[in-house]
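Residues per chain, in single letters:
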Amino acid sequence: MAEQKAIDVWGRLEVEWKEALDAAASRQREYDAKMTNHLVYHFAAPQLQELDQIAGLWQTVAEKRRAANQFIREYSANSD
Amino acid sequence: MTHVEQAGYRNSPSEGVLSQLLSAAILLDDAVFGNIQVYNCELGGLEILVHQGFKPDFLERFSFVGRDDTSVCARAYRLAGRIAIPDLKNDPYYDRYYPVAQAAGFRSVQSTPIIDSQGCVIGMLSTHFPQIHYLSKRAQLALDVHAAAAARLLEHFFYAPA
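In the order they appear, the protein sequences are chains A and B. Residue numbers 0 to 79, in numbering that gives the first Met the number 0, belong to the letters of the first sequence in order. Residue numbers 0 to 161, in numbering that gives the first Met the number 0, belong to the letters of the second sequence in order.
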């Protein structure tokens, strides 16, 4: 029962990480497609704001991964 | 002044995104260190742009790696494909660098090329593991997503005004 619960939690954390990864990659592709239409990258305020948002999305990917790694480490340590 | 500074990579708006992206890549398979290098055409080698976890002596030693070097990143550059070494101790090409790896605290490394929209290798995403490590299929797929994202960010630099 406890093992099934752990598998469920692990599965959810993996899904959350994958969703965050897809969101960051997708948002960046969207940004790139828009910027490709510009001959020169000006990095004006709106672009800087967008880059900040994309950085935030990658930060979320890292946080989700950290949470999943932490869970599996603690679970492995407790089941030894 | 290094090439990355001259080329305007350093302190550019995308550098912050690359740092976050590197953190995510390091964590995805429980690595402890990592770096993103850019290829310097004039000098013919890879230069570190962003890094995490390394000590200054390591960074000084590997701030520039020639493309003909025997290090894992240079080999991945020449191959234009990922190279993952589960145990550097058993890698004959890495012989002379193994003491450096030991001192830095890693035993395993993977280098994934960052390839631009023209198909050219413009950089390298490397992550380093403290113990013998085999990359899972899931980690390989995720690393490819990270490298593709890094490619788009680095490409922005090439078109950015100096």
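Check the hints yourself; a few may be wrong.
To be verified - Derived contacts from chain B toward chain A, CB cut-off under 10 Å, selection only:
1. E41
2. S135
3. R137
Stated by the list, open to error - Pairs of lysine-lysine, DSBU-like flavour, derived with a Cα cap of 30 Å:
4. B/K136 to B/K88
5. A/K17 to A/K33
6. A/K4 to A/K17
7. B/K88 to B/K54
8. A/K4 to B/K136
9. A/K33 to B/K54
Rather than coming from a laboratory, the hints here were simulated on the basis of the structure. As the structure is a computational prediction, the values presented were derived from the model and not from experiment. All C-beta atoms, glycine included, are put in the ideal place defined by N, C-alpha and C.
These are the hints, each one checked on the structure:
no., hint, result
1, E41, "violated, 22 Å"
2, S135, "violated, 12 Å"
3, R137, "holds, 9 Å"
4, B/K136 to B/K88, "holds, 23 Å"
5, A/K17 to A/K33, "holds, 24 Å"
6, A/K4 to A/K17, "holds, 20 Å"
7, B/K88 to B/K54, "holds, 21 Å"
8, A/K4 to B/K136, "holds, 25 Å"
9, A/K33 to B/K54, "violated, 38 Å"
Consistency with the previously given hints fails for numbers 1, 2 and 9, ordered from lowest to highest.
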